[in-house]
Amino acid sequence: MTETLGTIREEKHATGKGATGKGGKDGLLITGLLIAGFVIAGLYGLKYRQGGDVLQVSVAGEVVQTYLLEQDADVVIRGVNGGTNHLHIEGGQAWLTEASCPDKLCVHMGRISGEGQTIVCLPNQVVLEVLDAQSETKSGMK
Amino acid sequence: MQGKRARRISTYGMLIALAMILSYMESLVPAFWAVPGMKLGLTNIVVLFALYCIGTDSAVGINLLRVFLVSVLFGNGFGLYYSLAGALLSGLVMIGLKKTGWFRMITVSVAGGVAHNVGQILAAYVLLRTQALLGYLVILWFAGMLSGALIGVMSAIVCERLKRFVSFEGNDSRKGLE
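Just so you know, the protein sequences line up as chains P and R, in that order.
Numbering-wise, this note's numbering puts 69 at position 69 of the first sequence, and it's gapless, one number per residue.
Numbering-wise, this note's numbering puts 47 at position 47 of the second sequence, and it's gapless, one number per residue.
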């Protein structure tokens, strides 16, 4: 213990003072990060302005099916590795009622109806995205 | 010399175990935050502590071992892929920023939090190829800043209190110790 105490004085690492003092360019970096965050948010806002009416279902990056939100539907989506997601469309809203994945995050994502809103199931690699019919063809090419 | 080695091994073991427990605790509350997938990143306290109080090598080692062990024990293949993407990117960013010496610990942590989430979104983009992920990036960008700030404050406190217990750790700055 004594030898440990002896070394504290020589502590050259940036804790202690370094943890709270030191630095100086912190404000710059934080401001930069904030601005970058708002720029990304702005891009997102520009991309998705209109209301959507089509639900596009992709598995592993491939568009497998599109549904009209105005038509009620109840289907099972087959994801990768035998995973399944139970899709329900009703009253212009789409959501997942059941999923085979362990954490069920996709089920907890709730209902989507506006353009640009998404539900993602990472384990099954299933992506649901609401699109606007006019821009549907454009998005389909990605 | 033997005692130093033994203490180093036990310190690493303890920190990895701590990181694993924190990861596990977080995995128990997946919907803890409003947005699915959002996490506090408690494990990053251990990584930051290692980075600042022990050294870069130990931070990298603890981070990687922790990711692998947690995936083997509690997760699955897909979890490893995303964890690794987040851990690697945030690790690189934090080490790089710390090396410049321009930033405080909390700022390094904030950048690390953002980098972690960006890494995971990038990993998801590789698989899913959809621009739909942009929406999540917006949310997770700010969430990463917030959780990074909280974790940074906690790490600074933890570091301040615990550094003397690991100060025997061999580092270039104290050769004449033994």
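Think of the hints as simulated: they come from the structure by calculation, not from any bench.
We put the beta carbon where it would ideally sit given N, CA and C, even for glycine.
Careful: at least some of the hints might be erroneous.
[Unchecked claim] Using 30 Å as the maximum straight-line C-alpha spacing, the simulated DSBU-like pairs for lysine-lysine come out as follows:
id, chain 1, residue 1, chain 2, residue 2
1, R, 163, R, 99
2, P, 47, P, 104
3, P, 25, R, 99
4, R, 163, R, 4
5, P, 25, R, 4
6, R, 99, R, 4
[Unchecked claim] DEER-style ranges, computed between Cβ atoms:
id, chain 1, residue 1, chain 2, residue 2, range
7, P, 91, R, 161, 32 to 38 Å
8, R, 5, P, 98, 30 to 36 Å
9, P, 61, R, 68, 22 to 28 Å
[To be verified] So the derived list for chain P, only partly shown, Cβ under 10 Å to chain R, looks like this:
id, residue
10, 47
11, 58
12, 91
13, 120
14, 126
Hint numbers not upheld by this structure, sorted from lowest to highest: Of the numbered hints given earlier, those the structure breaks are 5, 7, 8, 12, listed in rising order.
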